[in-house]
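S.K.: Sequence:
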Amino acid sequence: MDEFAKKWDAQYPTISAAWRRHWAHIIPFFDYPADIRKVIYTTNAIESMNMSIRKVTKNKRIFPNDEAMLKCLFLALRNIAKKWTMPVRNWNEALNRFVIEFGDRISL
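Reminder that position 46 of the sequence shown reads as 47 in this note's numbering, one-by-one numbering, no gaps.
Among these hints, one or two may not hold up.
Mimicking BS3-like on lysine-lysine, the simulated pairs with C-alpha atoms at most 30 angstroms apart in a straight line are [claimed, not checked]:
(1) K39 <-> K56
(2) K84 <-> K56
(3) K83 <-> K56
(4) K72 <-> K61
(5) K61 <-> K39
(6) K59 <-> K83
(7) K72 <-> K84
(8) K72 <-> K83
(9) K39 <-> K8
(10) K59 <-> K72
(11) K7 <-> K39
(12) K39 <-> K72
(13) K56 <-> K72
These are calculated hints, taken from the structure and not from any lab test. A quick note: this is a predicted structure, and the numbers were derived from the prediction, not measured.
All chains should be built: construct the whole structure from the sequences, respecting the hints.
M.R.: Laid out in structure tokens, this is it:
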């Protein structure tokens, strides 16, 4: 972490400070094998979903009740899911590692 801070703090001073502040939550991520970490930090699908949900909620700021908002989000998520046609990269390798690590919780 010190080497990272020396190299990058001048350009991005908040990164190493945030990592140090949240280190207890970050370090468990590195306990996972590389195959699983690749799937976890590949967040393009998640970012795309968040952007689409923000677009829906931004266009309609006021909902008559909570149920109307939930229905709107449900419909948005259903439409978003239709666009998910690409498989997750390295999913087979990650799935094998998930079975090894968490076999008692996974049913194939």
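S.K.: Mind checking the alpha carbons of K72 and K61 for me, to see if they're no more than 30 angstroms apart?
M.R.: Roughly 13 angstroms between the alpha carbons, so the hint for K72 and K61 holds.
S.K.: Hey, K39 versus K8, does the alpha-carbon distance stay inside 30 angstroms?
M.R.: Holds: K39 and K8 sit about 24 angstroms apart, inside 30 angstroms.
S.K.: Between the alpha carbons of K84 and K56, is the straight-line distance 30 angstroms or under?
M.R.: holds (16 angstroms)
S.K.: Please verify whether K56 and K72 have alpha carbons no more than 30 angstroms apart.
M.R.: Holds, at roughly 15 angstroms.
S.K.: Straight-line Cα separation of K7 and K39 no greater than 30 angstroms?
M.R.: Holds - the C-alpha atoms of K39 and K7 are around 26 angstroms apart, at most 30 angstroms.
S.K.: Between K72 and K84, does the CA-CA distance stay at or below 30 angstroms?
M.R.: Holds, at roughly 19 angstroms.
S.K.: With a cut-off of 30 angstroms on the C-alpha distance, tell me whether K39 and K72 pass.
M.R.: The hint is violated at about 33 angstroms.
S.K.: Given the hint that K72 pairs with K83, does the C-alpha gap stay at or below 30 angstroms?
M.R.: Between K72 and K83 the Cα gap is close to 17 angstroms, so the pair holds against 30 angstroms.
S.K.: Under the criterion that the straight-line Cα-Cα distance not exceed 30 angstroms, is the pair K39, K56 satisfied?
M.R.: holds (28 angstroms)
S.K.: Are K59 and K83 close enough, with their CA atoms no more than 30 angstroms apart?
M.R.: holds (21 angstroms)
S.K.: What's the verdict on K83 and K56, does the C-alpha distance respect the 30 angstroms limit or exceed it?
M.R.: holds (17 angstroms)
S.K.: Hinted pair, alpha-carbon criterion (30 angstroms max): K61, K39. Please report holds or violated.
M.R.: violated (36 angstroms)
Consistency note: the structure conflicts with the earlier hints numbered 5 and 12.
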